[in-house]
Every structure is written in C-alpha cells, then in structure tokens.
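There are 2 protein chains.
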Amino acid sequence: MSEQFVYDLKRTHSCGELGLEDVGSQVVLMGWAMRRRDHGGLIFVDLRDREGITQVVFNPEVDEGAHSGAHTIRSEFCIALKGTVRERPEGMTNPNLVTGGIEVYVDQFEILNPSKTPPFMLEEWIEVNENIRLKYRYLDLRRPEMYANLMLRHKAAAAARRYLNENGFLEVETPFLTKSTPEGARDYLVPSRVSPGSFYALPQSPQLFKQLLMMGGVERYYQIARCFRDEDLRADRQPEFTQVDLEMSFVAEDDVMDLTEGLVANIVMEATGQQVSLPVPRMTYDEAISRYGLDAPDVRFGLELTEVTDLVAGAEFKLFATAAAKGLLVKAINGKQMAALSRKDLDDLTSYVADFGAKGLAWVKIKPQGEWQSPIAKFFTPELQQAINQRLDAVEGDILFFGADVPAVVHESLGRLRLELARRFELNKDKGLTFCWVTEFPMVEYNQDEKRWEAMHHPFTSPRQEDLELLTSDPGKVKARAYDLVLNGSEVGGGSIRIHRPDVQAQVFAALGISDEEAQEKFGFLLEALTYGAPPHGGLALGFDRLVAILAGEPSIREVIAFPKTQKASCPLTEAPSRVAASQLLELGLRVEKAD
Amino acid sequence: MSEQFVYDLKRTHSCGELGLEDVGSQVVLMGWAMRRRDHGGLIFVDLRDREGITQVVFNPEVDEGAHSGAHTIRSEFCIALKGTVRERPEGMTNPNLVTGGIEVYVDQFEILNPSKTPPFMLEEWIEVNENIRLKYRYLDLRRPEMYANLMLRHKAAAAARRYLNENGFLEVETPFLTKSTPEGARDYLVPSRVSPGSFYALPQSPQLFKQLLMMGGVERYYQIARCFRDEDLRADRQPEFTQVDLEMSFVAEDDVMDLTEGLVANIVMEATGQQVSLPVPRMTYDEAISRYGLDAPDVRFGLELTEVTDLVAGAEFKLFATAAAKGLLVKAINGKQMAALSRKDLDDLTSYVADFGAKGLAWVKIKPQGEWQSPIAKFFTPELQQAINQRLDAVEGDILFFGADVPAVVHESLGRLRLELARRFELNKDKGLTFCWVTEFPMVEYNQDEKRWEAMHHPFTSPRQEDLELLTSDPGKVKARAYDLVLNGSEVGGGSIRIHRPDVQAQVFAALGISDEEAQEKFGFLLEALTYGAPPHGGLALGFDRLVAILAGEPSIREVIAFPKTQKASCPLTEAPSRVAASQLLELGLRVEKAD
Chain A
1 MSEQFVYDLK
11 RTHSCGELGL
21 EDVGSQVVLM
31 GWAMRRRDHG
41 GLIFVDLRDR
51 EGITQVVFNP
61 EVDEGAHSGA
71 HTIRSEFCIA
81 LKGTVRERPE
91 GMTNPNLVTG
101 GIEVYVDQFE
111 ILNPSKTPPF
121 MLEEWIEVNE
131 NIRLKYRYLD
141 LRRPEMYANL
151 MLRHKAAAAA
161 RRYLNENGFL
171 EVETPFLTKS
181 TPEGARDYLV
191 PSRVSPGSFY
201 ALPQSPQLFK
211 QLLMMGGVER
221 YYQIARCFRD
231 EDLRADRQPE
241 FTQVDLEMSF
251 VAEDDVMDLT
261 EGLVANIVME
271 ATGQQVSLPV
281 PRMTYDEAIS
291 RYGLDAPDVR
301 FGLELTEVTD
311 LVAGAEFKLF
321 ATAAAKGLLV
331 KAINGKQMAA
341 LSRKDLDDLT
351 SYVADFGAKG
361 LAWVKIKPQG
371 EWQSPIAKFF
381 TPELQQAINQ
391 RLDAVEGDIL
401 FFGADVPAVV
411 HESLGRLRLE
421 LARRFELNKD
431 KGLTFCWVTE
441 FPMVEYNQDE
451 KRWEAMHHPF
461 TSPRQEDLEL
471 LTSDPGKVKA
481 RAYDLVLNGS
491 EVGGGSIRIH
501 RPDVQAQVFA
511 ALGISDEEAQ
521 EKFGFLLEAL
531 TYGAPPHGGL
541 ALGFDRLVAI
551 LAGEPSIREV
561 IAFPKTQKAS
571 CPLTEAPSRV
581 AASQLLELGL
591 RVEKAD
Chain B
1 MSEQFVYDLK
11 RTHSCGELGL
21 EDVGSQVVLM
31 GWAMRRRDHG
41 GLIFVDLRDR
51 EGITQVVFNP
61 EVDEGAHSGA
71 HTIRSEFCIA
81 LKGTVRERPE
91 GMTNPNLVTG
101 GIEVYVDQFE
111 ILNPSKTPPF
121 MLEEWIEVNE
131 NIRLKYRYLD
141 LRRPEMYANL
151 MLRHKAAAAA
161 RRYLNENGFL
171 EVETPFLTKS
181 TPEGARDYLV
191 PSRVSPGSFY
201 ALPQSPQLFK
211 QLLMMGGVER
221 YYQIARCFRD
231 EDLRADRQPE
241 FTQVDLEMSF
251 VAEDDVMDLT
261 EGLVANIVME
271 ATGQQVSLPV
281 PRMTYDEAIS
291 RYGLDAPDVR
301 FGLELTEVTD
311 LVAGAEFKLF
321 ATAAAKGLLV
331 KAINGKQMAA
341 LSRKDLDDLT
351 SYVADFGAKG
361 LAWVKIKPQG
371 EWQSPIAKFF
381 TPELQQAINQ
391 RLDAVEGDIL
401 FFGADVPAVV
411 HESLGRLRLE
421 LARRFELNKD
431 KGLTFCWVTE
441 FPMVEYNQDE
451 KRWEAMHHPF
461 TSPRQEDLEL
471 LTSDPGKVKA
481 RAYDLVLNGS
491 EVGGGSIRIH
501 RPDVQAQVFA
511 ALGISDEEAQ
521 EKFGFLLEAL
531 TYGAPPHGGL
541 ALGFDRLVAI
551 LAGEPSIREV
561 IAFPKTQKAS
571 CPLTEAPSRV
581 AASQLLELGL
591 RVEKAD
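Going line by line, the protein sequences match chains A and B. Residues 1 to 596 in full-length UniProt numbering are what the first sequence lists, from first letter to last. Residues 1 to 596 in full-length UniProt numbering are what the second sequence lists, from first letter to last.
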C-alpha cells in the first residue's frame with residue numbers, strides 16, 4: 001500500500017450504482033466484506049454497503065501488496081478501496097445484481113476495522129433465534145432486509161410529515177415527563193429527585209396535551225410521538241411504541257376521516273408505491289360485529305357471519321333450539337369449497353374457537369344436491385337443511401360452521417374462525433392493502449370484574465349529541481363520535497371528536513363512575529381549560545409500528561423497530577433494565593422492597 | 001338564529017386573509033372574541049384565530065337575533081359566524097392589520113363555547129408572572145407571539161428534516177427506555193415492574209444508539225430526539241430538551257462540519273428568511289480561550305483579551321508583578337469609548353467578575369494624551385502606560401480592565417466581563433446571526449474534586465491520531481477530534497469523530513480511570529460491537545431549543561417549548577410530578593423512604 005491513505009480520499013460511489021457506463025473509471029468504495037473467493041490466483045470479495053453489493057477483485061498483477069493483504073479479509077471486515085471499474089468476463093455476469101455487469105479491480109485498499117466471526121450469517125439468511133439477533137442488533141441491521149425496513153419506515157414518516165405540513169398542521173412536541181393518570185393502561189413512572197415521593201409518568205399518548213393545544217388555538221397539530229404502556233406484552237406489543245398523532249379544531253367526523261384518508265394514501269404511496277383507492281369504505285361498529293364478528297374486520301374476503309337463529313329455532317337440535325328460545329344468537333359462516341378439511345383440522349378449529357369462549361363448533365359439509373354430512377345432520381329436516389343452505393348460499397364442497405351462544409361469544413369465536421380459515425386457505429394472498437373505517441362505537445362497555453362502565457376509547461370522547469340523555473339512563477346504548485381505521489384486519493388508527501363542553505365532560509365522568517373529587521384531582525386542569533372557550537375539536541392517532549409492519553409485509557412490529565424490546569420488556573443488547581447504584585436510589589428517596 | 005347551525009357549514013376563510021377583493025363575499029369564520037365595542041347601535045368584535053384578526057360587526061338592521069345574542073359575547077368566547085364582507089367606512093380602516101380594510105357584517109352566529117374571564121389579558125400584553133402563564137398555558141398559547149414561536153419551531157424542524165432527507169439521512173427512532181450509564185449528567189430512572197429492583201434510564205442523548213446504527217451499516221442517521229438530564233436547573237435548562245441528532249459513517253471532521261453548515265443555513269433561511277454566510281469561520285479551542293476567554297465566544301464584537309504579562313512584569317504594581325513572576329497570566333481588555341462608566345458601574349462589574357473567581361478588577365480610564373486615570377496609575381511609569389496603551393490600541397475615552405490570576409480565572413472572568421460590557425453597551429444590537437466553529441478541544445479536563453481526568457465531551461470521542469501516545473503520558477495535552485458550533489456566543493451544537501477501534505476505546509477508558517471491569521459492565525456491548533468491523537464515524541447534535549430561541553429572539557428556551565417545566569422541574573398546568581397510588585409502587589416493589 002502506498003503512503004496516501006484510501007480513507008483520506010472521497011468515497012466516489014456507493015456499492016449499489018456502478019454499471020457498464022462506468023467501465024474504466026477510477027472509483028473509491030467503502031463498505032463491508034461479504035463472501036471471499038480465491039479463484040485462479042485472484043481474490044474476489046463482495047463489498048456491501050447500505051445501497052448494494054459490488055464485486056471487487058484483488059489481482060496480484062495489479063498490486064502485489066493489495067493482493068497479499070487481501071488474504072486476511074474475512075466476513076464483515078470494514079474496508080476502503082480504490083480501483084478501476086471493469087466489465088466482467090463473459091459468463092461471469094450476475095443479472096440479479098444492479099452492479100452485476102461490472103467488477104472493481106483494486107489498486108489500493110485499507111482494512112478500516114477487522115471483524116470477529118459474526119455469531120450468525122448475514123447472507124443466505126436462515127432463521128436465527130430472535131434474542132441473538134437483538135443482542136447483536138448492529139449486525140442484524142446490516143442485512144439488506146432490515147435496512148429496507150428502516151428505509152420504509154423513514155419514508156413513511158417523511159410522507160406523513162410532508163402531507164400534514166402541506167395541510168396546515170404544526171408539529172408540536174409535548175412533554176414526556178408528565179402526570180400519572182391511572183386511567184386506561186398502566187403508567188411507567190419516573191421518580192422525581194427534586195420532589196422526593198412524587199413521580200412523573202411517561203405519556204400513554206399525548207391525548208391531553210393535544211387537546212390543550214387545540215384550546216391554545218393551534219387549530220391543527222401533529223406529532224410522530226413515542227408512547228408508553230407498562231402492559232404485559234401479550235402478542236406483538238412493545239412497552240414503547242410510536243403513533244402519528246394529530247388533532248384539529250372546528251371539525252366534525254368527516255373532516256378528520258377525509259384528512260386521514262389522504263394521509264394514509266400518501267404514506268402508502270411514498271413508502272411502497274401502491275395506490276390506495278379512496279374514499280375508504282365506512283361501516284358502523286354494529287355492522288362490523290354483525291358481518292365479521294370483530295370490530296377490526298378483515299374485509300379482503302367474504303366468509304361473513306349470517307344469522308340463522310330464526311331458522312334453527314324449529315330444529316330438533318337441542319343446543320340451537322334452546323339457544324334460540326333463550327334469546328341467544330345462532331350464526332353461521334360458509335367455508336366456500338373448504339369441505340376437504342379433515343377430521344383433525346376440524347378438531348383443531350374446535351379447540352381454536354374454544355379459546356374465544358365457544359363451547360363447541362358445529363359443522364356441516366355440503367354434499368351433492370346440498371345434502372348435509374355432519375354429526376348434527378340428523379337433527380335437521382331436509383327442508384330445514386335446504387333453507388339454511390339457501391340463506392348461506394351453500395353448494396357442494398362448502399362447509400358450514402355454526403356458533404350458538406351469547407352474542408359476544410358467537411361474534412368473537414366465529415370472527416376468529418373466519419380469520420383462521422382465511423389463513424389456512426391463503427385467502428389474502430396477493431390481496432394488497434384494504435382499508436376500512438369502523439364508526440359509531442359504543443361509548444362505554446361494561447367491565448364485569450369491576451362492575452362498572454368503562455370508556456371504550458377514552459373518557460374525552462364525545463358522545464353523539466342525540467344520545468346525551470341516555471348517558472345516565474342507558475349508557476350501553478350511547479354511541480360515541482369515534483372511528484377506527486382498519487387495514488387488512490388490523491386496527492391501525494383510532495380517534496374521535498372530543499368533548500369541548502365542560503358540562504358534557506362532567507356528565508361523562510359521572511357515567512363512568514368517576515366522582516367529582518376524583519375527576520378534579522386527575523383531570524381538574526382539563527375541566528378548567530374547557531371553561532375558557534375551548535373550541536370543538538377532534539383527531540386521531542395512527543399506530544405507526546403496526547402500519548409500517550403491514551406495509552413491509554412483516555408479521556411482527558419488532559422487525560420495523562431499530563432496537564425493540566423482548567416480550568419481557570428487556571433489551572438483550574444493552575441489558576436494560578438493570579440494577580442501579582445505591583446512591584441513585586438514595587437521591588430519589590426510594591428503597592427497593594422486592595427484587596428479582 | 002335560524003335552524004341551520006353555522007358550525008355545520010364549512011369555514012371558508014381564516015381570520016387573517018380577507019381583504020378588499022373579498023368585499024361582497026359570504027364567509028364563514030370561526031375563532032375567539034377579543035375586544036368588544038358597542039358603538040352607534042352596532043357591536044364590534046375582533047375575531048382572532050391562529051392566522052390573524054378580523055373585525056366583525058353585529059348590526060340590528062341585518063339580524064335582530066344575532067345582534068341581541070352578541071351582547072353576551074366576552075373575551076375568549078369561541079364563536080362561529082356567517083356574514084358578508086364589507087369595506088370599512090372611511091376613517092375606520094386599520095393599516096396595521098392585513099384585514100384592516102374590511103369588516104364582516106354578521107348574518108348569523110353561534111357561541112361554540114363561552115369563556116370565564118381569563119386570568120390575564122391576552123391583548124395589550126403586559127408581563128405576567130410566568131407561573132400563571134404556565135398554569136394557563138392553553139390561554140398563553142393563544143397569544144399571536146406564542147403561536148409565532150411554535151410556528152418558527154415547526155418550520156425549523158421541517159427545514160432540518162427536509163435538508164437531512166435530501167442528503168441521504170435516515171430518520172431512525174431510538175429507545176427511550178434504555179440503560180442507566182451514570183457517566184456525565186444524572187439519569188432519570190424508570191422502575192421496571194417485570195424485573196422489580198431493576199431500572200431503565202431515559203436517554204441523556206441517543207449517543208450509543210446512533211453509534212450502534214453506524215455499526216449497523218445505516219451510514220447516515222438523524223433524529224429530532226428528546227433527551228433527559230436530571231440536573232439542577234440553573235439558568236435556562238429543562239429536564240427534557242430536544243436535539244437534532246445526526247451521525248455519519250466514513251467521514252472526517254470536515255464532512256460533518258460542512259454538512260452541519262448546510263443544515264443550519266437551511267434552518268435559518270426557512271425559519272426566519274435570513275441568509276447565513278458560509279463557510280462558517282473556524283477557530284481552535286486554544287484561540288477561542290486566548291482571544292475571548294470562553295469556549296463559546298461571541299464574535300459579533302471586539303473587546304478581545306490581550307496578554308500584557310510581559311509588560312507588567314516590570315511594574316511597581318505588586319499584584320501584577322508578582323503574578324508575572326509566579327508564571328501566572330495578566331490580560332486586559334479595552335472597553336472602547338466606555339470610560340463614562342461610573343464608580344458604581346465599576347463596583348458592580350468588580351462584583352460581577354468576582355462570581356467567576358476574580359479577586360479584583362483593576363481598571364484604567366484613558367484621558368487626553370493617553371494619560372491614565374486609575375487607582376493603580378501611580379504604580380506604572382509613563383513609559384509603561386504608553387506601552388500598554390499601544391498594545392491595547394487605547395485612546396482617549398477608552399477604559400482598560402485587567403485580570404491577573406491563573407489562566408482559567410483570568411479567561412473566565414474577563415470573558416464574562418466582555419459579555420457584560422457588550423450587554424450594557426448594546427454592542428450586539430441588530431447584529432443578526434453570527435456562527436463560528438470551535439475545534440480541537442482538549443480530550444480531557446481535570447476534575448479537582450474527584451482528582452481524576454474526565455472526558456470534556458464524552459468518552460467515545462476520538463483523540464487525534466497523533467496524540468494517541470500522550471493519552472497515558474500527558475492526557476491534558478491530548479486534543480480531541482471534537483467541534484462545537486457557536487451562535488451569537490451560545491453553544492448550539494457539538495460533536496466529534498468517534499472512536500471506532502476497540503483498542504483506542506480501551507485506552508481512552510483507561511486514561512479516564514475507568515477500570516476494565518467497570519468499562520465492561522457499563523459499555524461492554526459497545527466494546528464488543530467495535531470488534532465486528534465498526535466503520536469510522538462521527539456526528540453532531542444541535543441544541544434545538546436554544547437554536548430556536550435565538551432565532552425567535554427569545555431570552556429563554558421556555559418561550560419556544562409548548563409545555564415547559566419550571567426551574568423546580570414541575571408543570572404548573574398538570575401539577576406533575578405528583579403522588580401516585582400505593583398500588584402503583586407496590587407493583588414496582590418500591591417504597592418511598594423520604595418524601596417532601
């Protein structure tokens with residue numbers, strides 16, 4: 001190697017851009033070594049940076065020094081090199097690579113930093129234990145798939161900001177050290193040193209602050225905000241997550257929903273190039289539950305729930321007849337051309353729906369001429385069978401599934417069964433992105449454990465004006481001015497028109513069993529703010545991690561978060577959370593009573 | 001009022017845009033009432049929204065109902081109205097207002113929400129106790145000045161993002177729940193419920209994560225990141241603050257500094273319309289201290305420090321002569337044409353510099369023919385007086401100030417005196433924005449209390465290659481590859497080229513007296529990450545609150561933060577921090593030992 005260091009030169013190109021038009025150029029590349037192959041006296045290395053891969057060749061005829069040093073190069077060595085672009089010999093080109101027509105003959109190079117053998121292979125990816133990936137996240141992120149996910153997330157955020165900026169929104173930062181209001185999920189607390197015995201809470205969302213900004217006359221606010229919930233991490237949750245949070249003054253439902261449709265269409269287009277067809281269809285909560293069993297319906301396929309209570313009321317099948325007589329609900333879904341399901345499949349599905357409270361799963365396979373094949377067939381007259389077939393549009397090769405129970409169980413279990421069938425039969429394959437709105441949610445739901453009504457969204461959601469009187473007399477009937485945005489069966493956003501009148505807010509707190517005193521203590525500042533000319537306002541938050549994961553085609557949000565936590569809310573890389581020095585606790589006036 | 005609600009109509013205009021070209025148009029406005037004046041049977045109200053103010057007129061001849069209802073309107077009532085734009089009568093126009101040529105004659109209106117009398121006036125602003133402003137921040141933010149600050153901040157953030165996006169940077173979100181590394185400032189801790197006795201820490205900066213992203217091959221990262229430091233809030237600090245955080249791979253100092261200059265020029269242009277002249281001048285740390293006494297010099301004016309140790313060594317003035325003999329430093333600044341300072345002024349200045357360790361402040365007023373007027377004049381021969389005059393370019397009307405002590409005290413006290421003189425004589429008035437870079441900071445400084453060397457920036461800052469050997473032999477002489485960006489005498493940014501080689505990182509930890517064991521425990525994951533081909537990298541963080549405050553011409557960063565904390569780290573609006581439920585602490589396994 002000569003006196004002049006390659007690293008002192010300007011990098012001229014990325015590893016993802018050189019082509020035949022560059023043949024003959026002198027270039028400076030920097031990146032990481034992938035495969036090294038020694039072949040015919042030459043050493044071939046695939047050099048990777050974030051933009052792509054370029055094959056570089058160390059030839060002893062070009063530079064003896066460079067060639068012999070190249071023998072030491074191993075996977076993930078960080079390298080700078082200078083060389084000349086050459087066309088690859090015939091038969092050696094790689095049409096799968098942008099740079100596959102060329103290679104760089106190295107004149108000079110430096111190893112900027114060597115690497116130990118990585119704990120897992122970055123190329124020819126095979127599934128690696130996720131804990132290992134997270135512990136060595138800095139290696140995991142070097143994989144092009146992971147970089148693509150970060151890039152997609154970046155583009156999605158940039159698109160959101162651009163669109164909202166263009167629509168008159170102000171990005172405003174709200175506090176992270178805020179007040180604990182143990183309503184909803186569990187807060188993460190932050191002990192105060194200046195006021196020992198007092199605590200801040202990390203925000204579960206900027207909800208109150210964005211409402212205060214509307215009261216402050218900002219009119220249109222947004223923030224891509226980190227939020228925190230100290231929940232048990234079932235499923236695919238993270239203790240900290242990100243939402244695109246927005247709020248608007250002087251609006252009604254349609255204003256927020258129209259704006260949001262433009263927002264997601266722009267995000268999808270700029271992040272993935274796909275067109276979202278607008279307007280996004282809307283259905284009420286009642287319709288979603290009735291047709292799909294769930295409030296976040298996957299509308300990419302049929303398999304809708306159909307009520308048959310009236311038909312089965314006359315059947316000899318006791319379970320259904322009794323259910324109908326007791327005023328319970330009997331519904332069915334038609335698994336179109338799914339009759340090939342085996343006995344074992346059906347047993348699996350029965351146990352699957354049991355998780356959602358179903359006490360069993362009656363099924364009927366449809367044979368030629370609509371004949372039923374089923375353990376329960378004998379309890380149904382041929383006329384009744386035909387009537388049910390007709391209502392469900394059942395033909396040979398179909399399979400019917402029945403649920404009979406209280407409505408909540410029937411809807412939940414058949415709704416989940418519907419998704420499980422779609423998964424097994426790949427009904428969503430290549431279906432792309434399908435959005436829908438669900439509107440007119442119930443204002444409250446009854447918490448059986450605590451024997452009280454709870455806000456279904458949050459206690460700042462406005463009830464419909466015409467339902468105000470029901471708040472005290474029949475709260476379960478009150479509809480909220482709330483709306484959820486659903487993408488491919490996942491809730492990716494939710495919002496509402498908020499309460500802006502102090503008397504209505506007080507009524508809602510009362511309906512939720514929050515005493516005046518408690519309301520004052522927790523939300524006194526909000527109630528007071530409402531008395532100073534608060535404007536009508538509403539907004540929405542998009543679950544950004546989930547949205548990006550769906551756009552990236554990733555099953556888990558952890559794949560689109562640079563440094564996620566495990567299901568135990570720990571970070572295998574930094575080993576957070578960890579013990580701290582006794583002096584730190586002393587300053588906070590705290591003692592650990594119980595430790596793992 | 002008619003059956004149709006005004007609020008159901010679309011708002012057609014903001015309160016800041018109607019002009020003579022709109023005369024005759026039907027418009028719908030929404031906003032807040034300011035002054036109400038009853039005059040000649042008409043009621044005049046200034047309606048304000050975030051865009052401006054429009055005068056609206058309730059005329060009983062137009063709508064009897066609207067007019068009588070208008071009597072109830074008070075300050076800060078939130079109102080929707082429909083009306084017709086009319087030219088104001090001659091003599092009634094207001095040239096100070098965009099909309100000052102017109103008024104809106106109201107056909108119909110609604111009070112969307114009444115308001116109690118605000119605790120302070122929003123118009124004709126008089127200084128209000130800041131605690132009251134913060135308690136009613138939602139009213140304070142309605143003032144056009146505050147909205148302008150939020151808008152400026154929004155524009156600055158948007159400009160930063162646009163520029164960085166265009167320069168190949170990825171916005172990546174790093175964790176808030178991370179590991180406590182009690183290096184530098186005090187961490188805010190977050191107790192873990194899943195692992196009782198363990199704690200997360202809120203990040204003091206995303207420093208380690210951005211370095212890990214470079215090791216992960218991201219190459220160019222940025223984030224407008226909230227950071228947290230549990231420090232005593234002297235001066236103008238906040239427990240949570242925002243920085244524009246960026247990091248780049250395969251770079252040296254010039255790359256980061258050039259990029260940053262483009263960044264701040266874009267921010268300044270888009271937020272304020274001002275042009276920053278590039279390149280930003282650079283000076284070394286040693287030069288900054290020598291000429292200005294401080295490492296964040298205000299270079300908008302002269303009053304530089306000049307050494308006179310050699311000259312005063314021969315004076316009869318014991319203090320100076322002894323100082324010179326002991327190898328201490330004697331410096332002076334020339335207060336050009338400031339000799340009119342009174343005895344009281346000089347006493348004040350003497351007590352001012354005493355705060356920075358100066359044991360006194362010798363001064364000399366220059367009379368005709370360069371004659372000295374000063375208590376110490378008699379200890380200096382006329383020749384010596386002339387020699388000093390000459391070196392300091394002193395002429396009649398000037399006043400010289402001297403400092404004689406260890407260099408640190410001389411520089412700090414004269415450096416501060418320099419700023420105080422500039423403040424008193426308004427030397428910076430209308431001087432605009434002046435940036436400069438300070439480079440080649442010392443790697444370490446000696447902590448007298450703890451008798452050990454400490455990192456001046458942070459322990460991941462790279463020493464200069466040529467100084468590596470001094471790390472063990474003479475650490476105080478090692479220069480770091482660090483640079484600060486200074487704007488009008490305030491540090492608004494700082495960064496460095498980082499260490500990317502594990503052996504160098506280990507050497508630096510050793511020089512800082514961090515044992516191998518301690519380094520492993522705190523930064524083991526970083527040391528390990530360096531062994532897997534970490535690329536050379538460096539970056540910078542801009543103090544976004546301070547930068548925006550300077551651009552807004554605000555003395556305090558609290559004026560550019562929507563919901564700031566007080567000096568006691570509390571929020572007068574939400575009353576955070578606050579007591580929490582015993583059950584919350586029980587779940588965390590914590591007990592409060594000491595409470596306020």
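Since the hints were derived computationally from the structure, they do not count as laboratory data. You may find that some hints are simply not true.
The list makes no distinction among identical chains, and a pair is therefore deemed to hold if it is satisfied within one copy or across any two copies.
[Claimed, not checked] Straight-line alpha carbon distances no greater than 30 angstroms define the calculated DSSO-like cross-link-like pairs of lysine-lysine that follow:
1. K344 - K367
2. K429 - K479
3. K594 - K522
4. K477 - K155
5. K10 - K135
6. K479 - K10
7. K522 - K116
8. K336 - K477
9. K451 - K477
10. K522 - K135
11. K359 - K155
Hints versus structure:
no.	hint	result
1	K344 - K367	within (19 angstroms within a copy, 108 angstroms between copies)
2	K429 - K479	neither (35 angstroms within a copy, 60 angstroms between copies)
3	K594 - K522	both (29 angstroms within a copy, 24 angstroms between copies)
4	K477 - K155	neither (42 angstroms within a copy, 45 angstroms between copies)
5	K10 - K135	neither (33 angstroms within a copy, 54 angstroms between copies)
6	K479 - K10	between (63 angstroms within a copy, 24 angstroms between copies)
7	K522 - K116	between (55 angstroms within a copy, 21 angstroms between copies)
8	K336 - K477	neither (35 angstroms within a copy, 80 angstroms between copies)
9	K451 - K477	within (17 angstroms within a copy, 71 angstroms between copies)
10	K522 - K135	between (40 angstroms within a copy, 15 angstroms between copies)
11	K359 - K155	neither (47 angstroms within a copy, 59 angstroms between copies)
Taken one by one, the earlier hints fail for this structure at numbers 2, 4, 5, 8, 11, listed in ascending order.
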